[in-house]
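From these two lone chains plus the hints, build me the complex, please.
If you're matching them up, the sequences are chains A and B in order. If you count by the working numbering, then the first sequence holds residues 1 to 426, one letter each, in order. If you count by the working numbering, then the second sequence holds residues 427 to 571, one letter each, in order.
Derived from the structure by calculation, the hints contain no laboratory data. None of these values were measured; they are calculated from a predicted model. Check the hints yourself; a few may be wrong.
Chain B side only, calculated, beta carbon under 10 Å to chain A, not exhaustive [as the list claims (entries may be wrong)]:
1. Asp-428
2. Phe-434
3. Arg-437
4. Leu-440
5. Leu-443
6. Gly-446
7. Phe-447
8. Asp-458
9. Ile-547
10. Thr-551
11. Val-553
Covered stretches of chain A (chain B as the covering partner; in silico rule of three or more C-beta atoms under 8 Å from a C-beta of chain B) [as the list claims (entries may be wrong)]:
12. 32 to 41
13. 136 to 147
For every residue, glycine included, the Cβ atom is placed at its ideal position computed from N, Cα and C.
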Amino acid sequence: MLRREGTLFLLAGLFVLACTAALTLAPFARANTWGVEPGDLRFWLLPGTWLACALGAHFVARRFLPQHDPYLLPIAYLLSGWGLALIWRLAPGFGLRQTLWLAVATATMIGVIGLAGDLRWLRRYRYTWFALGLALTALTLFIGVNPEGFGAELWLGGAFGVFLQPAELLKLLLVVFLAAYLADRREQIFPPQAAPFPRFPYFLPLLLMWGFSLLILLAQRDLGTGTLFFLVFLVMVYLASGQAAYVLVGLMLLLLGGLFAYAAFDVVRVRVEAWWDPWDDPSGRSFQIVQSLMAVAEGGVFGRGPGLGAPGLVPVAHSDFLFAALAEEWGLLGMIGALALLGAFVLRGLHIAARARNAFDQLLAAGLSALTGLQALLIIGGVIKVVPLTGVTLPFMSYGGSSLLVQFIMLGLLLRLSGSQAKRGL
Amino acid sequence: MDPATVMFFIRLTLAVLLYGFLAALFWLLWRDLRAAARTHEARTQKLGRLVVMESEAPDLSAGTAFPLLPVSSLGRAPTNTVTLPDEACSLEHALLYYRENQWWLEDLDSRNGTRLNHTTITAPTPVLPGDVIGIGRVKLKIEME
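This is chain B alone, in the form it adopts within the complex (with noise of 0.2 Å):
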């Protein structure tokens, strides 16, 4: 074989290291981009939802979902993890917190209270799949996935 054939394939090589290199990397970058992604996915997901069910504030319609996180406030200012623009509603209404495999409803000492089914609670309360939330004039419910 003269030295220039064996060049060639050296150079045929050398295209393909780089391109392999740049091709892993970006296939590992991929990757790394979905597990992430999934991971976020699952970690927001895993707990469930919040659904609307009723609702008379022109902002919130009937429908409407809220991700929940392990421990999840309830109240019109917009710092809580679910926001409900009612006028019935306090600033820092409720929390609902995932303890013992169990979700728990706490009021948070709010003007007009927080109902369970109907009920007004006074003390943190275990949430059953089914059971209506009641704060303001916004009725809403648990989702599992």
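Chain A extracted, bound-state conformation (with noise of 0.2 Å):
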């Protein structure tokens, strides 16, 4: 088992040297001669950086979990890596934030696997833990900045230049209070003999926390997460359920509730139009996507090449159009290679449910998956104009520290469900 890991790492690390080298050529390579100043070299602490961490993690895993997935770490870590690679290449100050947050993120994820005992600490303070993601993301209404100085203010702090944006945190504990709860009562929501409809009294805390949650998301305007936490929901109710009329009937309200949005909030409308016509404004409104779409057509099948496009062009490529940059440096060989990574993610963590022990670890197991691949559906998707756009983050590879840390203690937690499953068969 360890030694596919050690096996997929050892390429994971020479991608991401590889990805370093080509950083620094890239200068060169742009001028075609060797006589020019080879610019800002600090990338250099990357593979240092990314190297410590991943070794780190490769050994605490080993120790604490000999029994875990030997797939994921390496997939996060190559997906990692090659998201700093990009950050770097489009604005260095990022990239040296966020190579700092990969080290916090993976002494995080070493923490959660190192605690003692199981999960049940999580199951049982299920209102707790949801109360205080709300009550911190509540704040944000209250005190909360935006390290930009303009735009949407859902970032707590600010003191030495750290924010926390607490919408992330409390993403990875809707899942966490969902599946403790549909775990407890899933038979007393959805008993077989009312089969279209749950029972109302056990439905209601359910809706209530959730309600609870979008409402704050709502006001506070951050309507890629409210999305997602929407999926996330529905995706949930369906697997305690078994039954897909949930879900059609989510999709439904979804589509309701995005009517309404459009009516109601200016953001939505302009997404909205920016998507269905683009080029109505290209200059204006849809600037951005106009610029992404330009970006992916400039990649074509085998991109710029690492570090000699443009995609500079696009606003905030480092964060939510992490994506376009991709598209247009590595073509769509990149592309495929990551959502090849992005989809045996999520493929192993449906696997890790499939073997858990109990319904709780399932459900936990699934809904972070589940997570995670509507996530990055959800951005890549807008970022190539098939959904409006919704500003979340492409997981592991876009710039974010609030992301990339939840997005490691979901991994701390799959791996500790993978490993608990001590020796057993398929």
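Pasting the structure below:
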């Protein structure tokens, strides 16, 4: 089992090293002469930090969870290393910050892996955890800030230049809460005799908690995370009840909610119109999506080459539009590679869920994988104009400290769920 | 060599590494799946099968084979390892288990009794190759691989 992880880590490490070499070479290749200045070489922090983090995670996971899934860690680290190389190339300042965040995220994940006991504490205090997440998110309504100085104020803090986005944490806590509640109450909520309707008294706490979180996100105009919450909720209700009717009803509600939001919020109207017909106002409201489409087209099959394109033309390419930068410089081959890696991650998560010992572990693993997969689909779809743009991050790859931190906590939880299965055949 | 050529080789390396990683990933996953399928097969086939020789029940034809578990239960209830839809068969009729390198047949206090080669058994009895087990109107034999 562990030799596989080692082999995959070796390949991932060589890839990250080659990325750094490409970044070093890019200024020369752009001018096609050795006679230019090499530019800023701080990005050599990346392979060093990456290696330390990957080795640390590998050995801690091996020590504490000898039976853990051998694929998740290499996939996650390959994606983060790749994402970091892209961020360094687009915005070195953010690259430096994100490299530090990778170290913080790895340390946190190691903490999650090393915690004694099972995950019962997560299940038992579900209301406490979720209330904490809600309270933190609600706090941004009053003392929220935006690190850029303008725009939606979804962050907390600002001391020492550290900002946290509680909605990211709430995302994880929502999955935990849903898994815990549905695992305990699924027979009461969805009795077979009352097939298409859930029993309301038991369904109510679920709706309340989820409704609160949606309200706060709506008040904050954080509609991307709101959509994500809605979809994750549907997935988990479907997993617990096994009835597709809920998903259909939910998707219709989402459509209705979208129509309502279209009428009520300017930001939604702008996004939907930019998606429906970006060429109506290509230099104004749909500037970003048009630039993104041009970046994707410019990339072609093989891409312009790392450091050789002009993905900086897309506004905030390092965070929401990282996939556009990837498409331009790495081409279709890179996009397929990234999608395959994300897909493999979700697949392994679902495999862990299928083998889990109890309903809570099952729902938690499936929920965490669904969250990662849906988030990736939402933002990739937004960037290539399949769905209206929602400002969520590309898991593991985009710039965003809280996002990376929470993604690695989720990774740690998945590893724990896979490791506690002890020795059992398929 | 000019920088553009070096860059070309680095890009080639990057593509090879990325798709090498994916190929290794999927190859290992495939090997995992195959190994799991093999252990599953080995576990179910090692012990042999129970084959129906004669049956008067419409839902059970002669030649039907049931894979055996180390402890297999026989009876009319669908919860048994070997379900025999025969009216003369009790819900939980008999037990067949592998112990000390041979199969043992035990009657579970069934209404019509369990026969081994036309003799009704009263205590756990070893089953030898070629023996015929009679339950209700069904006759069965053990086939080793």
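Notebook entry, point to check: Okay, which hints does this one fail, numbers in order?
Noted result: 9, 10, 11, 13
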